[in-house]
Amino acid sequence: MRVDWVLLDETAKAAVRIGDLVSAEAGGTPTWRVMKLADGRAWLRDDVSRMDCIASLSQFHWKADIWRP
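Residue 2 is where the sequence shown starts when you use the numbering used here, and the numbers rise one by one after that.
By construction, these hints were calculated from the structure, which means they are not laboratory data. These numbers were taken from a predicted model, which means no experiment stands behind them. Cβ coordinates follow ideal geometry from the N, Cα and C atoms, glycine included. It cannot be assumed that every hint is accurate.
Beta-carbon label-pair distances, calculated as ranges [claimed, not checked]:
1) Val-49 with Ile-19: 15 to 21 Å
2) Trp-44 with Pro-70: 27 to 33 Å
3) Gly-20 with Gly-41: 15 to 21 Å
4) Arg-69 with Arg-42: 27 to 33 Å
5) Ala-27 with Cys-54: 19 to 25 Å
6) Ser-59 with Thr-30: 18 to 24 Å
7) Arg-51 with Met-2: 18 to 24 Å
8) Arg-69 with Asp-40: 29 to 35 Å
9) Asp-48 with Val-7: 14 to 20 Å
Under the rule of at most 20 Å between Cα atoms (straight-line distance), these lysine to aspartate or glutamate pairs were calculated in the EDC-like manner [said to hold, decoys possible]:
10) Lys-37 with Asp-66
11) Lys-37 with Asp-48
12) Lys-37 with Asp-47
13) Lys-37 with Asp-53
Generate coordinates for the entire structure from the input sequences, incorporating the hints supplied.
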């Protein structure tokens, strides 16, 4: 498995979807899995610590693009 990080901005073609991994920092630490999307906010889960939160999508600048052979 290989992970490439895609920049999320207004011109980005990569939309955030349920199940995606997002991160505020390049390199993806910590990463949050998108559980639900509504009104510009995301319900998120940290798969490592099992912590949940709700945050504005504008806080996240990176999305994981996962390649599986």
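Here is how each hint holds up against the structure:
For Val-49 paired with Ile-19, a C-beta distance near 19 Å keeps the hint of 15 to 21 Å intact. The supplied range of 27 to 33 Å is met by Trp-44 and Pro-70, whose beta-carbon atoms lie about 31 Å from each other. For Gly-20 and Gly-41, the hinted distance range of 15 to 21 Å is satisfied, since their beta carbons lie about 18 Å from each other. Hint check: Arg-69 to Arg-42, Cβ distance near 29 Å, so the stated range 27 to 33 Å holds.
For the hinted restraint 19 to 25 Å between Ala-27 and Cys-54, the CB-CB distance of approximately 20 Å keeps it satisfied. A hinted range of 18 to 24 Å for the beta carbons of Ser-59 and Thr-30 is consistent with their spacing of about 19 Å. Distance hint for Arg-51 and Met-2: a CB-CB separation of about 21 Å, consistent with the stated range 18 to 24 Å. One distance hint, 29 to 35 Å for the beta-carbon pair Arg-69 and Asp-40, holds here, with the actual separation near 32 Å.
Here the CB-CB span from Asp-48 to Val-7 is close to 19 Å, well matched to the stated 14 to 20 Å. For the proposed pair Lys-37 and Asp-66, the alpha carbon gap of about 19 Å is at most 20 Å, so the pair holds. Distance check on the hinted pair: Lys-37 and Asp-48 sit about 15 Å apart at the alpha-carbon level, within 20 Å; holds. Simply put, Lys-37 and Asp-47 have alpha-carbon atoms about 13 Å apart, close enough for the 20 Å limit, and the pair holds.
Between Lys-37 and Asp-53, the direct Cα distance comes to roughly 11 Å. Compliance with the 20 Å bound is thereby established for this hinted pair.
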